[in-house]
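Number of protein chains: 2
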Amino acid sequence: MPAGTTILDAVRKANLPLKAACGGEGACGTCVVKILEGTYETRPSAALPEHLIKQGYALACVTEVKDNLSVDLPHFEEFYIRTVASFRLEDVKTESISGSCRLNPVVRGVELEVPLPSLEDNYSDLRRVKRELRKHGEVDEVECEYSTLKKLAGSIRKNNGAISTVIFAPGREWTIIDVTPGGESKGVYGVACDIGTTTVALNLVNLETGDILETAIGLNRQIKCGEDIISRINYAGKPGRLEELHDLIVATINNLIEMATQDAGISPADIFYASVSGNTTMIHLLLGLDPRHIREEPYVPTVNRVPFVPGRDIGLKINHEARVHCAPAVGSYVGGDITAGLLATPILRDSEKVSMFIDAGTNGELVIGNKDWQMTCACSAGPAFEGGGVRCGMPATEGAIETVKISDEGKVEYEVIDGKMPRGICGSGLIDLLAELLRHGYIDRQGKFKKVNTPERYVQNEHGTGFLIEEGKNCYWGKALVITEKDIATLIRTKAAVFSACSLLLKNVGLAFDEIDALYIAGGFGQHLNIENAIRIGLLPDLERTRFHYLGNSSLFGAYLILLSDNNRKIVGALSEKITYVELNTDPAYMNEYTGALFLPHTDMTLFPSADA
Amino acid sequence: MPAGTTILDAVRKANLPLKAACGGEGACGTCVVKILEGTYETRPSAALPEHLIKQGYALACVTEVKDNLSVDLPHFEEFYIRTVASFRLEDVKTESISGSCRLNPVVRGVELEVPLPSLEDNYSDLRRVKRELRKHGEVDEVECEYSTLKKLAGSIRKNNGAISTVIFAPGREWTIIDVTPGGESKGVYGVACDIGTTTVALNLVNLETGDILETAIGLNRQIKCGEDIISRINYAGKPGRLEELHDLIVATINNLIEMATQDAGISPADIFYASVSGNTTMIHLLLGLDPRHIREEPYVPTVNRVPFVPGRDIGLKINHEARVHCAPAVGSYVGGDITAGLLATPILRDSEKVSMFIDAGTNGELVIGNKDWQMTCACSAGPAFEGGGVRCGMPATEGAIETVKISDEGKVEYEVIDGKMPRGICGSGLIDLLAELLRHGYIDRQGKFKKVNTPERYVQNEHGTGFLIEEGKNCYWGKALVITEKDIATLIRTKAAVFSACSLLLKNVGLAFDEIDALYIAGGFGQHLNIENAIRIGLLPDLERTRFHYLGNSSLFGAYLILLSDNNRKIVGALSEKITYVELNTDPAYMNEYTGALFLPHTDMTLFPSADA
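These protein sequence lines are chains A and B, in that order.
Take 303 as the starting number for the first sequence in our numbering and just add one per residue.
Take 303 as the starting number for the second sequence in our numbering and just add one per residue.
Bound-form chain A, shown alone (with noise of 0.2 Å):
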């Protein structure tokens, strides 16, 4: 960048995402990065007082570059953030998925000797592979790729017929997409990825072991063009802006990649297979389909049961050959992250038991049944539990805020993901943060705050009164963190979206509370989901605990699995046409339902027996 260039612009044209709710005017202070090295030169405002500068933080918008310049961006904008994984296959425990956790994937390597021609076995070099190749399978046909064919002749002669070839092969029809000669093959790596609204992320995985390699998170791009789907769609709908969501998700995508394979060490172009999942209009935003009919009535979408697509044709930086699978949706609004979460629970192998599964998302989705049945409905829970729309929020990475304590003299405890200073809380802290205010009685049954002993703890700001979680000087971004009661009537909105669909869905299908058998959670609220404070706050019925499951990511979890065993795309295929879906925004029921649930953690308090405990 020249010199004279805001920062904001520099991270515009970087195409990274940082918010400048004013429009870049150093009026609102929600640009705020921190200078790491280099040389800049900026000017006092309002939104950011003068000892945060002297500490070297900076409004991007009114900060010019002058020379090499190194800065971070603010917590929630925080870009990739890579966690080292060393999961292996064998850590999968059969009786807790619901599908095959045996190695099958549908791409996969398969070493051959190819005996070099003769004028006796004078077959052309590809019937002599498709002979060699169909001792290793059932298989019906082969066929090859024409990119494959080109380099067939050279890696068959160059070390004695030995060759390596990958094949995709999805039932009795295989197709060889590549080969190398024998000895020289790099793997065959996969990759399953989680599209959310919020967050993507993604596992790397040895296709010959099923190990997980690396795991790499990072926000949606899109995060800039709208924080639900619905503002998604409406984006989509001007000229241009299609294509702009989907490069955007695909950069997101292959930017996870490229840290992945660079820490992993290997090529993305030996990535032959992506297991996809993700809700309905993040999978049409991929594949660049126009998402409008997904919000208009009758609600239909381009395709549910995505076919097989080449990663080339999406943009996908991977291997030229690879396949990308994208997990089966129900609907417009239960998409493949649920078909995909739901393989990673136990619900279908029992026809007895009855289970509920929620993923509370920025969209969320429940399903209730077993082996036999299965119902499913969605709501709008927006992106709180992920970091959205709460100032103080953050997603669940390094800096998060993960658990909090209220002591009875008013001292705030907490801890921090990577045990450092805080940058934010993600939402299994603030949900333990609601319960905390509640329990001691900082805020009332409606979520407002309450005259108390310990008055220290609120303090104003521009946005009025807040209770103070910690103080700028002990914080990653010099700002105190603070929950306003703006804050807190958005966290107890999405809670209640997420009740009342639970209550209605149960309804739907006869049944009470404490007939489901057990309940498996997924989201993104991070590693330690406290289901005692979820359930003071109403956002958990109140079971007995041990009905409780928490999954974490569910959807990235089915979409490695889909990765792992052919089998489970088949599972899911197979669900997606057989769930039945029920439509809560036609139901006036759901409404009552929702206003019922806006109180902590409910008006009708015979619903949570041990809140008065």
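What the hints contain is simulated information worked out from the structure, not anything from laboratory work.
One should not assume that every hint holds.
Chain copies aren't distinguished; within one or between two, either way the pair holds.
Below, a list of computed lysine to aspartate or glutamate pairs in the EDC-like style, where the Cα atoms sit at most 16 Å apart [claimed, not checked]:
hint, residue 1, residue 2
1, Lys452, Glu545
2, Lys452, Asp592
3, Lys880, Glu415
Mind docking chain B on chain A? Use the hints.
For chain B alone, kept in the frame of chain A given last:
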């Protein structure tokens, strides 16, 4: 081109073939062109007489462009010759072919009425389309290309659910490869293309009627890299040369497609299928596959049965999703031109009779057999009968002499294809000429000139003594058409290669010539092959004349039949694996047979009883 460029350089930059045997020194006279219009500057040369320069001829290598200039390239390099055809499917006679002539292409248009979605019928767009499509044939699975998926939602809603789809249906698994709103389809077209070593011929076909709209013929642009397959394979051996040969054949085909579609008033984007036939080397070069192993023992190609390849991957400028089918080869020297060619004969219809099929192209191939068994072999004939390797030779296109008679008074009478001034002589004319020279005693049985009553027909030029066919003033190129002893020797070698292969193949199956019930002859001789003369020179065996059937370009016709009906694709597929291949190169008897055939008609005159008559 800037002023001052020589015509030769301009021609080369335009990637048009123009021979310059001396390398552009103004010495050989091979690069003569005819100026049609414009300003230029040339210099005198011993190779081009002054009076021809005055008549507007010029040597391309010593002539500079001064301003806009329009030139006609010499006959052998004549580029694209288009014949408007009005060939209708109903013209195909069932009894004359071995396959089906019922219209049943693998790619076809299907019109659908897809109900718009409703709250009751809220399946995804793709699923509703699949549901309708299943009503149009026996189908197990329907898939949809990604590019089509992107257009689906908009197409369905544009005209109230009416859509035109294009499907690729090689079996019971269909793929939707295009969609347009109902009433907006421009039709579904295909091309059949015969890739010869010397010439490339193409039919543009309406796949909804089966009719041939246009036929375009052009020189294979690879001709500048060698005249036969062995020299092409050698050429491909140097770095970058394989790509060059690939690009040249693709450019040849694209140019033919462009001309044919322009004249038919359709868009190349509406071509969804290309059925290609060609010898194994041509197909390897089309696909960019290294042909090296074709000429190295044990003579094994990369592929005989080529899978369907997307046209875009090869570089064909047709629809993005168009499929290319290559007729299957038997081996390195009996290619898809022969399997396709057999389809265009009735040979495979009958179990009783034994027929022979002779394709006398640059590479000669023979088949003997019937419905139950077939045996095939190949010989290297050379391009003489297609107009190559003989100075006055040319392909059977505009300006070619196609029949020749010499009167007892030594007058040469001929017919020119377009009835205008002759430019050269095509295969059928050369056969006539040779027979007539023999009949009138101008040449002896070895092809040497004899003393005769009309010595004025003999002329001397830089190539020695020649027989004058036509004086320069009556010829299009202003140069006399002359045949020399060297040219005659070339023709004799060509006919000897073909005849001796026939003879040896018959010996292999233990049959005599007169046990052949029917003889089908294919090749680029021209429209009117004179069987009598072909027997007189010993190209064809001396059988009852009614047993001979001249087919013309059977490879192109076979490719057309495969385009018309997918049953035909299956027939040639099975044929290619069943037919027995006989290797002549490794058979010492072949050289004996060949040497015996180097006489007119043959050393063994008992084989040609009519010759004595």
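If you test the structure against every hint from before, which numbers come out violated? Checked against the structure, the only hint that fails is number 3, while the rest are satisfied.
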